[in-house]
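*Asks:* Once you have looked at the hints, place chain B on chain A.
There are 2 protein chains.
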Amino acid sequence: MELYTSGKQLRDLLKSLKKEGKSVGFVPTMGFLHEGHKSLMVRARRENDILVASVFVNPTQFGPGEDLDAYPRDLESDQKLMESVGVDYVFFPTTEEMYPTGHNTYVNVEGSLTKRMCGASREGHFQGVATIVSKLFNLCVPDRAYFGMKDAQQVAVIQRMVEDMNFDLEVVPCPIVREQDGLALSSRNTYLSTEERKDALKLSSSLARAREMIEEGIRDAHLIYDEMKAIIDSIPYARIDYIEILDARTLEPLNLVAGDVLIALAVWVGKPKLLDNIRLEVE
Amino acid sequence: MELYTSGKQLRDLLKSLKKEGKSVGFVPTMGFLHEGHKSLMVRARRENDILVASVFVNPTQFGPGEDLDAYPRDLESDQKLMESVGVDYVFFPTTEEMYPTGHNTYVNVEGSLTKRMCGASREGHFQGVATIVSKLFNLCVPDRAYFGMKDAQQVAVIQRMVEDMNFDLEVVPCPIVREQDGLALSSRNTYLSTEERKDALKLSSSLARAREMIEEGIRDAHLIYDEMKAIIDSIPYARIDYIEILDARTLEPLNLVAGDVLIALAVWVGKPKLLDNIRLEVE
Numbered sequence: 219m220e221l222y223t224s225g226k227q228l229r230d231l232l233k234s235l236k237k238e239g240k241s242v243g244f245v246p247t248m249g250f251l252h253e254g255h256k257s258l259m260v261r262a263r264r265e266n267d268i269l270v271a272s273v274f275v276n277p278t279q280f281g282p283g284e285d286l287d288a289y290p291r292d293l294e295s296d297q298k299l300m301e302s303v304g305v306d307y308v309f310f311p312t313t314e315e316m317y318p319t320g321h322n323t324y325v326n327v328e329g330s331l332t333k334r335m336c337g338a339s340r341e342g343h344f345q346g347v348a349t350i351v352s353k354l355f356n357l358c359v360p361d362r363a364y365f366g367m368k369d370a371q372q373v374a375v376i377q378r379m380v381e382d383m384n385f386d387l388e389v390v391p392c393p394i395v396r397e398q399d400g401l402a403l404s405s406r407n408t409y410l411s412t413e414e415r416k417d418a419l420k421l422s423s424s425l426a427r428a429r430e431m432i433e434e435g436i437r438d439a440h441l442i443y444d445e446m447k448a449i450i451d452s453i454p455y456a457r458i459d460y461i462e463i464l465d466a467r468t469l470e471p472l473n474l475v476a477g478d479v480l481i482a483l484a485v486w487v488g489k490p491k492l493l494d495n496i497r498l499e500v501e
Numbered sequence: 219m220e221l222y223t224s225g226k227q228l229r230d231l232l233k234s235l236k237k238e239g240k241s242v243g244f245v246p247t248m249g250f251l252h253e254g255h256k257s258l259m260v261r262a263r264r265e266n267d268i269l270v271a272s273v274f275v276n277p278t279q280f281g282p283g284e285d286l287d288a289y290p291r292d293l294e295s296d297q298k299l300m301e302s303v304g305v306d307y308v309f310f311p312t313t314e315e316m317y318p319t320g321h322n323t324y325v326n327v328e329g330s331l332t333k334r335m336c337g338a339s340r341e342g343h344f345q346g347v348a349t350i351v352s353k354l355f356n357l358c359v360p361d362r363a364y365f366g367m368k369d370a371q372q373v374a375v376i377q378r379m380v381e382d383m384n385f386d387l388e389v390v391p392c393p394i395v396r397e398q399d400g401l402a403l404s405s406r407n408t409y410l411s412t413e414e415r416k417d418a419l420k421l422s423s424s425l426a427r428a429r430e431m432i433e434e435g436i437r438d439a440h441l442i443y444d445e446m447k448a449i450i451d452s453i454p455y456a457r458i459d460y461i462e463i464l465d466a467r468t469l470e471p472l473n474l475v476a477g478d479v480l481i482a483l484a485v486w487v488g489k490p491k492l493l494d495n496i497r498l499e500v501e
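From first to last, the protein sequence lines are chains A and B.
In terms of this note's numbering, the first sequence is residues 219 to 501.
In terms of this note's numbering, the second sequence is residues 219 to 501.
Don't take every hint at face value.
In this list, chains with the same sequence are indistinguishable; a pair is considered to hold if it fits within one copy or across any two.
Derived pair list, reagent style BS3-like, types lysine-lysine, alpha-carbon separation capped at 25 Å [what the hints assert, rightly or not]:
#1 Lys240 to Lys226
#2 Lys256 to Lys491
#3 Lys226 to Lys237
#4 Lys236 to Lys491
#5 Lys416 to Lys240
#6 Lys491 to Lys416
#7 Lys491 to Lys233
#8 Lys226 to Lys236
Just so you know, these hints were derived from the structure itself, not from any lab.
Same shape as in the complex, but just chain A (with noise of 0.2 Å):
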């Protein structure tokens, strides 16, 4: 595995390698890997010649008021983690490489898609994920990138972008890796204190609920809503920053759960906000 804190050196080198027909996987992170991001890189693994990685705390992504220099780094850790899992190049690069002074364009994907969930408590934060993402693609030259469905709202976003810029790769979205109990992993996880964590299990729970009610044929998005919202209130601290019963494809809001259908939540637990989802096929 080598490291690479060059853009440009990297380009060069997937270049050369994709000339003599290989092909590349690509997964983006901002690091403090767990399980779930290593199963997209054990998947990207097994669908491309090459792998690669990037670990890119993306300041353009974090809204007004978000702390990024508390995110949770660890490199070391890191890199044991992409070394077992067989990831030959890590993309390394530091705020300069990637925001020189002077730097000053930005891909935006408009309307509702970035404008609601999300998008809606988070000023700008599609904006420099679209951002980080495009000089990505274009310096890691991908035939496939990988993305975790937790942050199901970012990998539409993606999808939306790959589509509209014409980007000459494929977007893989990779299912939820929840603990034993339920718990979506998340980096955002290591901010909960014990009490938190096992109130946490309550998002999970909620979705398996909504879950169970649609296979008893329940098709009121209201009253999933109320009996989700009812389960999350139990969390006396706890602040929900959405429920959301949408159409999978375009994010629109359903009044009746029907189609390719995504439940999706975020609920600041304590500090941290987490986000759990899940997606089902309703006749």
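*Replies:* Just chain B, lined up with the frame of chain A:
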């Protein structure tokens, strides 16, 4: 010469040619080609194995009140010109191909580079330019892309974008091509009446006078501006959009004329707004 209307088909072809080690030169145009465009293609033909040109009247770069439908088009004449230069592939997409339903991603170069000069009077223009050029870059995968210096601000915006977005290509700015009497070539010249055509010469004359003053040792930008303005104001019906004396790299206005200098103007001569500029190294 082959015409492509599908971006994906063209890209697949160009990718296979690049795998054979062939270099790709690219000249994006809005059609209605003249000797200015031809000079870009002649140069690109010389410097690359494969020459790709695009003809697409891009709706997103027309500002409010600008008449997209009235933009001159003549594909037959364009094809003859491109054939004569030895263009290999013409990309001629429909609007639906470039902006299908649901398209919602845009590239923005922010800051004074796009807010002043043509950006001040043409809201959204440079967003449209940056977006379509990004898309064309991703479809035509050029090693080199050629742009005319008549649109000096456009060249600066695209250079900024290519650097910021880590596009893997070289932007090649090419000199303005003029009529024998000095008028800068432009598709918009077709709108000029005989009288206006004669008066329009004052634009290049004012730039020639500016050059003369600098050669005489004058360094006060305001003196040069005043003299240029007087020359252009002698066309009674002309309306000046801007006359700017700038640092050629940053496009920041200069008080003292020194270094790499761009003198640029935009003037409505009757219906069309005409652009012209000179770039000079001043000690």
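*Asks:* Please sort Lys236 with Lys491 into within, between, both or neither, judging by C-alpha distance up to 25 Å.
*Replies:* neither (40 Å within a copy, 46 Å between copies)
*Asks:* Should Lys256 paired with Lys491 be assigned to within, between, both, or neither, using CA atoms and 25 Å as the limit?
*Replies:* Within. Shortest intra-copy distance 22 Å satisfies the 25 Å Cα cut-off; inter-copy 57 Å does not.
*Asks:* Regarding Lys226 and Lys236, is the shortest C-alpha distance of 25 Å or less found within a copy, between copies, in both, or in neither?
*Replies:* both (15 Å within a copy, 19 Å between copies)
*Asks:* How would you label the pair Lys416, Lys240 (within, between, both, or neither) given a Cα cut-off of 25 Å?
*Replies:* neither (46 Å within a copy, 60 Å between copies)
*Asks:* Quick one: Lys491 to Lys416, C-alpha cut-off 25 Å, is that within a copy, between copies, both, or neither?
*Replies:* within (15 Å within a copy, 67 Å between copies)
*Asks:* Check Lys226 against Lys237 for me: Cα-Cα at most 25 Å, and say if that holds within a copy, between copies, both or neither.
*Replies:* both (16 Å within a copy, 19 Å between copies)
*Asks:* For the identical chains here, do Lys491 and Lys233 meet the 25 Å Cα criterion within one copy, between copies, both, or neither?
*Replies:* neither (39 Å within a copy, 43 Å between copies)
*Asks:* Up to 25 Å between alpha-carbons, please classify Lys240 paired with Lys226: within, between, both or neither.
*Replies:* Result: close both inside a copy and across copies, 19 Å intra and 20 Å inter.
Going down the numbered hints, you'll see the structure goes against 4, 5, 7, while the others check out.
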